[in-house]
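Peer 1: Sequence:
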Amino acid sequence: MNVLIVDDEPLARERLSRMVGELEGYSVLEPSATNGEEALALIDSHKPDIVLLDIRMPGLDGLQVAAKLCERESPPAVVFCTTRDDFPPEVLQAGAVGYLIKPVSAEALVEALRKAERPNRVQLAALTRPAAESGSGPRSHISARTRKGIELIPLNQVVYFIADHKYVTLRHESGEVLLDEPLKALEDEFGERFVRIHRNALVARERIERLQRTPLGHFQLFLKGLNGDALIVSRRHVAGVRKMMQQL
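The sequence shown begins at 1 in the UniProt record's numbering and counts up one residue at a time.
Hints listed in this document are in silico derivations from the structure and should not be mistaken for laboratory results.
Incorrect hints may appear among the rest.
[Said to hold, decoys possible] Calculated pairs, BS3-like style, for lysine-lysine (alpha carbon to alpha carbon, straight line, at most 27 Å): (1) LYS166 x LYS115; (2) LYS47 x LYS102; (3) LYS102 x LYS115.
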């Protein structure tokens with residue numbers, strides 16, 4: 001089995017490379033990858049069987065690399081490497097993917113490699129299942145099924161959520177996706193980062209630019225990243241929005 005190691009820390013790469021190299025039946029691909037962009041390029045060119053993928057990296061992090069792999073017809077098996085502080089083990093377990101807690105022990109490495117299987121797109125995206133299902137805190141990414149497969153959108157790129165019938169539109173920095181999740185569940189999970197401005201709308205607090213009253217007496221909220229477009233604020237939520245803006 002060919003194994004690609006992805007980690008931005010040289011010592012971590014060297015240690016994993018040495019440990020995998022000592023195991024019968026596994027071969028470490030060289031060079032290793034130091035970031036997400038390199039990882040995707042090496043996966044394309046070397047076609048590894050297993051990827052030992054660090055979650056926390058500059059640029060594309062491990063979850064974003066996983067999102068890209070969702071688009072592949074035959075993604076490699078992914079074993080995430082993380083710390084207990086960075087990503088709770090129970091979330092990784094709920095995602096039905098392999099994981100290793102740093103510092104990696106030889107026994108844990110052997111077990112993870114043996115259990116590694118080629119995950120499908122749903123398994124990779126399951127890392128971002130609602131907190132109520134995983135028993136953990138708020139997600140760092142939100143998954144959406146699109147024509148590309150499963151996309152993972154970093155929470156810090158989300159501008160707003162708007163409910164429309166049975167679906168919720170998620171607007172992010174690069175476009176829009178549809179979610180099959182109730183707006184109330186999103187508010188319960190992300191209430192510290194998003195504020196309700198209408199019965200069908202949540203907006204990112206950090207994206208709020210200004211609140212403006214129209215000549216007709218309506219209130220509009222302008223958000224960073226919407227190129228001048230504004231969202232309507234219902235009268236019942238105006239006072240709450242104003243109070244929250246004073247605290248920003």
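Peer 1: All hints are to be evaluated individually against the structure, with a verdict given for each.
Peer 2: Now the hints, each set against the structure:
1. LYS166 x LYS115: violated (38 Å)
2. LYS47 x LYS102: With Cα atoms ~25 Å apart, LYS47 and LYS102 stay inside 27 Å; holds.
3. LYS102 x LYS115: Satisfied, since the Cα-Cα distance of roughly 18 Å is no more than 27 Å.
Hint check: a violation occurs at hint 1 only; the rest are consistent with the structure.
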